[in-house]
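Undergrad: Chains as they are written, first to last, in the working numbering: chain A, 140 to 493; chain B, 140 to 493; chain C, 140 to 493.
Bear in mind the hints are in silico, worked out from the structure with no lab data behind them.
A portion of the hints provided could be inaccurate.
Which copy? The list can't say, so a pair holds if one copy fits it or any two copies do.
Derived lysine to any residue pairs resembling SDA-like cross-links, with alpha carbons at most 20 Å apart [unchecked claim]:
#1 Lys280 with Tyr468
#2 Lys182 with Lys195
#3 Lys414 with Gly238
#4 Lys195 with Tyr185
#5 Lys179 with Gln307
#6 Lys195 with Glu184
#7 Lys195 with Gly462
#8 Lys182 with Ser487
#9 Lys431 with Glu386
#10 Lys195 with Gly222
#11 Lys425 with Gly452
#12 Lys195 with Arg451
#13 Lys182 with Asp283
#14 Lys389 with Leu406
#15 Lys242 with Asp457
#16 Lys423 with Glu170
Bear in mind that the values here come from a model prediction, so they are computed numbers and not experimental data.
This is what each chain is made of:
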Amino acid sequence: MSARTVLTGKIQSSGLLGKDLISTQEWNREEIDYLMQFAKDIKKEYYAGRVSQLFKNKTFFMLFYNTSTRTRSSFEAAATILGGHSQFIDFATTRGSEGESIKDMAKMYERLGHALGVRILESAVDYVYGKGNAVIREYAKYADIPVINMADDVYHPTQAITDIFTLQEKLGRNLEKKKYVIAWTYSDHIRSWGSVQDEMLIATKYGMDTVLAYPEGFHVDENLVQQARNNASQSGGNLEINHNLSEAMKKADAVFPRSWASHDCVLTGLNKFTKEREIELHNKYKDWRLSKKLTDVMNRDGVVTHVLPVFRGQEADDEVMDGPRSMIYDQAENLLYVRAAVLALLPSGPTGKI
Amino acid sequence: MSARTVLTGKIQSSGLLGKDLISTQEWNREEIDYLMQFAKDIKKEYYAGRVSQLFKNKTFFMLFYNTSTRTRSSFEAAATILGGHSQFIDFATTRGSEGESIKDMAKMYERLGHALGVRILESAVDYVYGKGNAVIREYAKYADIPVINMADDVYHPTQAITDIFTLQEKLGRNLEKKKYVIAWTYSDHIRSWGSVQDEMLIATKYGMDTVLAYPEGFHVDENLVQQARNNASQSGGNLEINHNLSEAMKKADAVFPRSWASHDCVLTGLNKFTKEREIELHNKYKDWRLSKKLTDVMNRDGVVTHVLPVFRGQEADDEVMDGPRSMIYDQAENLLYVRAAVLALLPSGPTGKI
Amino acid sequence: MSARTVLTGKIQSSGLLGKDLISTQEWNREEIDYLMQFAKDIKKEYYAGRVSQLFKNKTFFMLFYNTSTRTRSSFEAAATILGGHSQFIDFATTRGSEGESIKDMAKMYERLGHALGVRILESAVDYVYGKGNAVIREYAKYADIPVINMADDVYHPTQAITDIFTLQEKLGRNLEKKKYVIAWTYSDHIRSWGSVQDEMLIATKYGMDTVLAYPEGFHVDENLVQQARNNASQSGGNLEINHNLSEAMKKADAVFPRSWASHDCVLTGLNKFTKEREIELHNKYKDWRLSKKLTDVMNRDGVVTHVLPVFRGQEADDEVMDGPRSMIYDQAENLLYVRAAVLALLPSGPTGKI
Numbered sequence: 140m141s142a143r144t145v146l147t148g149k150i151q152s153s154g155l156l157g158k159d160l161i162s163t164q165e166w167n168r169e170e171i172d173y174l175m176q177f178a179k180d181i182k183k184e185y186y187a188g189r190v191s192q193l194f195k196n197k198t199f200f201m202l203f204y205n206t207s208t209r210t211r212s213s214f215e216a217a218a219t220i221l222g223g224h225s226q227f228i229d230f231a232t233t234r235g236s237e238g239e240s241i242k243d244m245a246k247m248y249e250r251l252g253h254a255l256g257v258r259i260l261e262s263a264v265d266y267v268y269g270k271g272n273a274v275i276r277e278y279a280k281y282a283d284i285p286v287i288n289m290a291d292d293v294y295h296p297t298q299a300i301t302d303i304f305t306l307q308e309k310l311g312r313n314l315e316k317k318k319y320v321i322a323w324t325y326s327d328h329i330r331s332w333g334s335v336q337d338e339m340l341i342a343t344k345y346g347m348d349t350v351l352a353y354p355e356g357f358h359v360d361e362n363l364v365q366q367a368r369n370n371a372s373q374s375g376g377n378l379e380i381n382h383n384l385s386e387a388m389k390k391a392d393a394v395f396p397r398s399w400a401s402h403d404c405v406l407t408g409l410n411k412f413t414k415e416r417e418i419e420l421h422n423k424y425k426d427w428r429l430s431k432k433l434t435d436v437m438n439r440d441g442v443v444t445h446v447l448p449v450f451r452g453q454e455a456d457d458e459v460m461d462g463p464r465s466m467i468y469d470q471a472e473n474l475l476y477v478r479a480a481v482l483a484l485l486p487s488g489p490t491g492k493i
Numbered sequence: 140m141s142a143r144t145v146l147t148g149k150i151q152s153s154g155l156l157g158k159d160l161i162s163t164q165e166w167n168r169e170e171i172d173y174l175m176q177f178a179k180d181i182k183k184e185y186y187a188g189r190v191s192q193l194f195k196n197k198t199f200f201m202l203f204y205n206t207s208t209r210t211r212s213s214f215e216a217a218a219t220i221l222g223g224h225s226q227f228i229d230f231a232t233t234r235g236s237e238g239e240s241i242k243d244m245a246k247m248y249e250r251l252g253h254a255l256g257v258r259i260l261e262s263a264v265d266y267v268y269g270k271g272n273a274v275i276r277e278y279a280k281y282a283d284i285p286v287i288n289m290a291d292d293v294y295h296p297t298q299a300i301t302d303i304f305t306l307q308e309k310l311g312r313n314l315e316k317k318k319y320v321i322a323w324t325y326s327d328h329i330r331s332w333g334s335v336q337d338e339m340l341i342a343t344k345y346g347m348d349t350v351l352a353y354p355e356g357f358h359v360d361e362n363l364v365q366q367a368r369n370n371a372s373q374s375g376g377n378l379e380i381n382h383n384l385s386e387a388m389k390k391a392d393a394v395f396p397r398s399w400a401s402h403d404c405v406l407t408g409l410n411k412f413t414k415e416r417e418i419e420l421h422n423k424y425k426d427w428r429l430s431k432k433l434t435d436v437m438n439r440d441g442v443v444t445h446v447l448p449v450f451r452g453q454e455a456d457d458e459v460m461d462g463p464r465s466m467i468y469d470q471a472e473n474l475l476y477v478r479a480a481v482l483a484l485l486p487s488g489p490t491g492k493i
Numbered sequence: 140m141s142a143r144t145v146l147t148g149k150i151q152s153s154g155l156l157g158k159d160l161i162s163t164q165e166w167n168r169e170e171i172d173y174l175m176q177f178a179k180d181i182k183k184e185y186y187a188g189r190v191s192q193l194f195k196n197k198t199f200f201m202l203f204y205n206t207s208t209r210t211r212s213s214f215e216a217a218a219t220i221l222g223g224h225s226q227f228i229d230f231a232t233t234r235g236s237e238g239e240s241i242k243d244m245a246k247m248y249e250r251l252g253h254a255l256g257v258r259i260l261e262s263a264v265d266y267v268y269g270k271g272n273a274v275i276r277e278y279a280k281y282a283d284i285p286v287i288n289m290a291d292d293v294y295h296p297t298q299a300i301t302d303i304f305t306l307q308e309k310l311g312r313n314l315e316k317k318k319y320v321i322a323w324t325y326s327d328h329i330r331s332w333g334s335v336q337d338e339m340l341i342a343t344k345y346g347m348d349t350v351l352a353y354p355e356g357f358h359v360d361e362n363l364v365q366q367a368r369n370n371a372s373q374s375g376g377n378l379e380i381n382h383n384l385s386e387a388m389k390k391a392d393a394v395f396p397r398s399w400a401s402h403d404c405v406l407t408g409l410n411k412f413t414k415e416r417e418i419e420l421h422n423k424y425k426d427w428r429l430s431k432k433l434t435d436v437m438n439r440d441g442v443v444t445h446v447l448p449v450f451r452g453q454e455a456d457d458e459v460m461d462g463p464r465s466m467i468y469d470q471a472e473n474l475l476y477v478r479a480a481v482l483a484l485l486p487s488g489p490t491g492k493i
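Isolated chain A, as found in the complex:
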């Protein structure tokens, strides 16, 4: 039986056909495991110079309200590997920018292709927390093809899955009791909570001893923190909040140094809060920067993760990001296989067939 036959069989029995991917929280462990195993198979095939045409002649619409480097290029390259095509659609070039309804756009993409990705966050929703996610859910409400969250102001699921996928490569398949520090770090940028929150949710789902480290005032969505606690109690993991970065780093197996906006800023919205006031607040915590010294207290094989872009010299030192612990480029590469798995497993045609 050829490699293609094997993978095709796996699609049909996956139970993922037609499923949306809006947050990792809406997928169970088995579903995420299935996707990751499929991504692993694709990666193995790809390195062996074989390619399965699992998205052949199919279309993934990528609707971007915001800029993107990795998400766009990896989803587009993933479709190419699988014989199909991802359309890069800058929202500003569509009639949507002139007031066309989400319902009509969603139904249209449903009729013309096989899956719809949407990115919407930060300035595209005037920094009103949850508004980006609400827009994606509205697309999903109407489109009878899978809707993939390509990053919003609450979640970033394909990134979160890729991060766990890469941590398994680095730390071993079983991540239970591995200590993962998601650390607020300094930058003079105002970034959404999506990557951080989905990381917290999936890390606790996989039983990691998850530590959220941040200065007072930088706590994230309380509802999602509660969900992460529930995840931990089911998985045998843990969720800890820590306001002392060097304390938090001790015996860590992984650390993700990431700047995000303060709780008040996100909840109030930038219009009222002002960018200046928020950056002033950030400036108080310039020492929250991942230095080599801070990583020295990690476990010997501990790794540094990042979803990128990283603000070098602010969130973390070059010495760390370019050092032996850094897994950031392997992580970026794995976006290709995880997203290829998404394109192979979820999309369905107009007849619901593969």
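Assemble the complex: chain A is given as a structure, and chains B and C must be docked to it using the hints.
TA: Using the frame of chain A, we list chains B and C on its own:
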């Protein structure tokens, strides 16, 4: 003989190879019928999960001076289905935006690919009627590959053919004597005449009892109205002008509720006319809105069409657009097959061969 | 042995796998000859209706800081012919436009695809000479996939190779002692030196009697002029500077009428120099325009070349650009085959394998 062989044979005998598609008026009934039959074959194949590589390794250049949702995504997905690629080219990203001549751009696209689509209307031509169409004809004058009008200020042929294609699906193959109301409806937007005019031309060509319903002052291009009358006299159809919408709707088999700019506005050009004055004029006719009540006097199986985007609550009520008569999403889907047929039948390579 | 097998074998023995293409000067004659022979083979195949899938399922990232007509569309069409895909990436739509480091972007593209093209010049680098080239070299420093210069402020290698390729088609395989006039001509635009300089370098490398004709004050980069002199002494060619256009045109076999910015303007940078002052300088030399009369003193079979866009009526008369000597559209077409050869020969996957 495989499905592919059959379709390939049909391309060679179509007589459409190398033909421009700038308006439906420049194509005869037999040519349009041929294209629609081909689109029907592609749709059937597609639903059966088969794909003919009729545009394999070929390129369609899509040059957009204006925004697009459906036209861009359907032409791009159509090329993907057929094994080729449609390049989405925002005119602003080309040297053309810095003054490169149309002749040189046209010859260049001719040498590098297999067909060239152009959209240019409204703000891109300062609302000067006919200027968009003139630009497309200049591309066609120089490019020795088919030039496809992807909507200008006078015509929108691939949309018009798709509309007839879908009406045949809904009302039966023979559209003669079916009553089609193309109704001006309210919006606070200033839209070109292209979709409306090409719809009037093709509906009369197919023998429909075509009714143009609009308030005084919203008549369209007189020359094209005359051409539509000629079409009707040849096809056994009819063209009627009616200034009373509820009267026009009686026993209609189809209605297309669409806002367009007034005659004075289009002919004078927006620069002189001012947007404010035009919207003020529109505001007098807010009751020209397709309501459920208005559709109740249609024939029992009468359908509501729209090229989209539709201005919901202005041109038509949600109840109508989402109701059982609405064929708008089937119509959007059919863009895929009609445009796939265009990409399969018209384009020619540098040697003029398939 | 099938055509595909032959071409695939040629890739493996080319020695070009993984090589950057930043200027023609960094490639030797044998390498350029190899690439051109490969382009010739691809052209022959293409005209015969055959296509070798030499870039199948592979990705070329095209990162544009500036507008493009030909470079973008030809590289994208070239990938389509070879079964792969070129992603058109407007730099403004990436996180790079928000400060992401070149290192991280370069490594990311390396991990996700097979080659990276970059265009950066003129306004994108504030007209600071050499800054665009420095940016491309920084991408190349970090990316372990081939980096292709898609035009910067110093070089434009894929264009230069295409020009030599086309001159060989027109003037014969051996270009030694053929007289090639690279002529400054008038325009009211401020254009980089890249195309002109790479043309001078490759023409001297191929033994042409190369003449740079320009008014006083329009000399280009002295270091590159010296390199061109060295090329000429090795190839048996020549490099001559001439300030009299009609004198220079005598017995020419080829002429490239091209406007470029003055030496002071380029070296000082536009910010200090002002656009007005530069255009004022250009305006003194409006008679430096390629007219039919000027081409009448060329050799009988002499040709007119241009990288396009050409400023018609300024750089050259329509009569010349559209006349029998003009090879501009053949030159544009050949971009397709030369760039297809680049995509077939240089790129390597994540494992360094084809």
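Undergrad: Give the relationship of Lys195 and Arg451 under a CA distance limit of 20 Å: within one copy only, between copies only, both, or neither.
TA: neither (39 Å within a copy, 36 Å between copies)
Undergrad: Up to 20 Å between alpha-carbons, please classify Lys179 paired with Gln307: within, between, both or neither.
TA: within (11 Å within a copy, 48 Å between copies)
Undergrad: How would you label the pair Lys423, Glu170 (within, between, both, or neither) given a Cα cut-off of 20 Å?
TA: neither (42 Å within a copy, 57 Å between copies)
Undergrad: Could you figure out if Lys182 and Lys195 sit no more than 20 Å apart (CA to CA) within one copy, between two copies, both or neither?
TA: Classified as both: same-chain Cα gap 18 Å, cross-chain 17 Å, threshold 20 Å.
Undergrad: With 20 Å as the alpha-carbon cut-off, assign the pair Lys195 and Glu184 to within, between, both or neither.
TA: both (16 Å within a copy, 15 Å between copies)
Undergrad: What label fits Lys425 with Gly452 when the C-alpha limit is 20 Å: within, between, both, or neither?
TA: The answer is within: 10 Å in one copy meets 20 Å, while 52 Å across copies does not.
Undergrad: I want to check one pair: Lys195 and Gly462. Are their C-alpha atoms no more than 20 Å apart within a copy, between two copies, both, or neither?
TA: Classified as neither: same-chain Cα gap 39 Å, cross-chain 35 Å, threshold 20 Å.
Undergrad: Classify it for me, Lys195 with Gly222: is the Cα-Cα distance of at most 20 Å met within a copy, between copies, both or neither?
TA: both (4 Å within a copy, 9 Å between copies)
Undergrad: My question is about Lys182 and Asp283: at a cut-off of 20 Å on alpha-carbon distance, are they close within one copy, between copies, both, or neither?
TA: Classified as between; 19 Å across copies, 29 Å inside a copy.
Undergrad: At 20 Å max between alpha carbons, let me know whether Lys242 reaches Asp457 within a copy, between copies, both or neither.
TA: Result: close only across copies, 11 Å inter versus 45 Å intra.
Undergrad: What label fits Lys414 with Gly238 when the C-alpha limit is 20 Å: within, between, both, or neither?
TA: between (28 Å within a copy, 17 Å between copies)
Undergrad: Checking an output row: Lys431 and Glu386, CA cutoff 20 Å. Within, between, both or neither?
TA: Classified as within; 15 Å inside a copy, 67 Å across copies.
Violated hints for the displayed structure, listed by number in ascending order: 7, 12, 14, 16.
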